[in-house]
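Listed below are the residues making up each chain.
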Amino acid sequence: SQKIEQNSEALNIQEGKTATLTCNYTNYSPAYLQWYRQDPGRGPVFLLLIRENEKEKRKERLKVTFDTTLKQSLFHITASQPADSATYLCALGSTDSWGKLQFGAGTQVVVTP
Amino acid sequence: DAGVIQSPRHEVTEMGQEVTLRCKPISGHDYLFWYRQTMMRGLELLIYFNNNVPIDDSGMPEDRFSAKMPNASFSTLKIQPSEPRDSAVYFCASSSVFLAPRTDTQYFGPGTRLTVL
Numbered sequence: 001s002q003k004i005e006q007n008s009e010a011l012n013i014q015e016g017k018t019a020t021l022t023c024n025y026t027n028y029s030p031a032y033l034q035w036y037r038q039d040p041g042r043g044p045v046f047l048l049l050i051r052e053n054e055k056e057k058r059k060e061r062l063k064v065t066f067d068t069t070l071k072q073s074l075f076h077i078t079a080s081q082p083a084d085s086a087t088y089l090c091a092l093g094s095t096d097s098w099g100k101l102q103f104g105a106g107t108q109v110v111v112t113p
Numbered sequence: 114d115a116g117v118i119q120s121p122r123h124e125v126t127e128m129g130q131e132v133t134l135r136c137k138p139i140s141g142h143d144y145l146f147w148y149r150q151t152m153m154r155g156l157e158l159l160i161y162f163n164n165n166v167p168i169d170d171s172g173m174p175e176d177r178f179s180a181k182m183p184n185a186s187f188s189t190l191k192i193q194p195s196e197p198r199d200s201a202v203y204f205c206a207s208s209s210v211f212l213a214p215r216t217d218t219q220y221f222g223p224g225t226r227l228t229v230l
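Protein chains in written order, with our numbering: chain A, 1 to 113; chain B, 114 to 230.
Some hints could be false.
Said to hold, decoys possible - To be clear about the criterion: a stretch of chain A counts as covered by chain B if any three or more of its residues have a C-beta under 8 angstroms from a C-beta of chain B, and this derived list gives those stretches:
hint, region
1, 38-46
2, 92-104
To be verified - In silico SDA-like pairs for lysine to any residue, Cα to Cα no more than 25 angstroms straight-line:
hint, chain 1, residue 1, chain 2, residue 2
3, B, K137, A, F46
4, A, K17, A, E56
5, B, K181, B, K191
6, A, K100, B, T218
7, A, K63, B, T216
8, A, K100, B, V166
9, A, K63, A, T112
10, B, K181, A, W98
11, A, K100, B, I139
12, B, K181, A, S97
13, A, K100, B, M152
14, A, K71, B, E157
15, A, K3, A, N27
16, B, K191, B, G129
17, A, K100, B, T189
18, B, K137, A, G99
19, A, K100, B, V210
Keep in mind that the hints were calculated from the coordinates and are not lab data.
The structure presented is a predicted model; accordingly, all values stated were derived computationally and were not measured.
Heads up, the beta-carbon is just placed ideally off N, CA and C, and yes, glycines get one too.
Use the sequences and the hints to build the structure in full.
Encoded structure:
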C-alpha cells in the first residue's frame with residue numbers, strides 16, 4: 001500500500017541554523033510533491049511545489065529537493081527564526097488521481113532563540 | 114477572496130446527536146475536500162468532490178458519515194449518530210484545475226473542532 005513517512009519526532013533547532021525535514025514514500029509514483037505549513041488551531045497552508053522532473057526548488061529561505069530514485073524529498077529552512085516554528089506536512093499527488101493529495105503526518109519544528 | 118469558510122468553528126455535542134459541518138469553498142474552485150485530523154491518524158481524506166459530484170468517498174469511516182454538495186458554493190458533512198471517537202478537527206479544502214500550470218494546490222479552511230461527549 002502507498003505510504004508516506006515523515007519524522008514523527010519534533011525537530012528542535014537553534015535560531016539561525018538550518019532545519020532539514022524528510023519525506024519518504026513507498027509504492028507511489030508522484031507527479032509532484034507539495035509542502036504545507038500548519039500552525040496550531042489552523043488549517044495547512046501551501047508553501048512549495050516540486051514536480052517529478054525537477055531536482056530543486058527555492059522560495060526565499062525555503063528549499064525543497066526531490067529524488068524520485070530514492071523516493072525522498074528534503075525540505076530545508078535556512079537561517080531559521082522562532083516564527084518558523086510550526087508543523088510541516090508533505091503531500092503527494094499523481095496523475096492517477098488528479099486533484100487528490102495524500103498527506104504525510106507532518107513534522108513539528110521548534111526554533112528556539 | 115475570503116478564503117475557505119467553515120462553520121461552526123467549535124462544536125460540542127453528546128453521543129448520539131446529529132452533527133452538521135458546513136463549508137463554503139473559494140469562488141471558482143471546482144474541487145472540494147473534507148479531511149479529518151487527529152493526533153493518532155494525522156490528516157485523513159474523507160471524501161472529495163469535483164464540480165459538485167462526489168469522486169472518491171473511500172475515506173468515509175462508515176455509514177454514519179455523509180457529505181453533500183448541492184451547489185458550487187456550499188457543502189455539508191453530516192455525522193448521525195455521533196460517537197466520542199468522531200472527536201477531531203474537520204477541515205474543508207478547495208482547489209482549482211484551471212490554474213496553470215496545474216498544481217492542485219489545496220486551500221484549507223480554519224477547521225471545525227468537534228467534541229463528542
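Hints, one by one, checked against the model:
no.: 1; hint: 38-46; in the structure: holds (count 6)
no.: 2; hint: 92-104; in the structure: holds (count 9)
no.: 3; hint: K137(B) <-> F46(A); in the structure: holds, 19 angstroms
no.: 4; hint: K17(A) <-> E56(A); in the structure: holds, 20 angstroms
no.: 5; hint: K181(B) <-> K191(B); in the structure: holds, 9 angstroms
no.: 6; hint: K100(A) <-> T218(B); in the structure: holds, 10 angstroms
no.: 7; hint: K63(A) <-> T216(B); in the structure: holds, 18 angstroms
no.: 8; hint: K100(A) <-> V166(B); in the structure: holds, 14 angstroms
no.: 9; hint: K63(A) <-> T112(A); in the structure: holds, 21 angstroms
no.: 10; hint: K181(B) <-> W98(A); in the structure: holds, 21 angstroms
no.: 11; hint: K100(A) <-> I139(B); in the structure: holds, 17 angstroms
no.: 12; hint: K181(B) <-> S97(A); in the structure: holds, 21 angstroms
no.: 13; hint: K100(A) <-> M152(B); in the structure: holds, 22 angstroms
no.: 14; hint: K71(A) <-> E157(B); in the structure: holds, 22 angstroms
no.: 15; hint: K3(A) <-> N27(A); in the structure: holds, 7 angstroms
no.: 16; hint: K191(B) <-> G129(B); in the structure: holds, 13 angstroms
no.: 17; hint: K100(A) <-> T189(B); in the structure: holds, 19 angstroms
no.: 18; hint: K137(B) <-> G99(A); in the structure: holds, 18 angstroms
no.: 19; hint: K100(A) <-> V210(B); in the structure: holds, 11 angstroms
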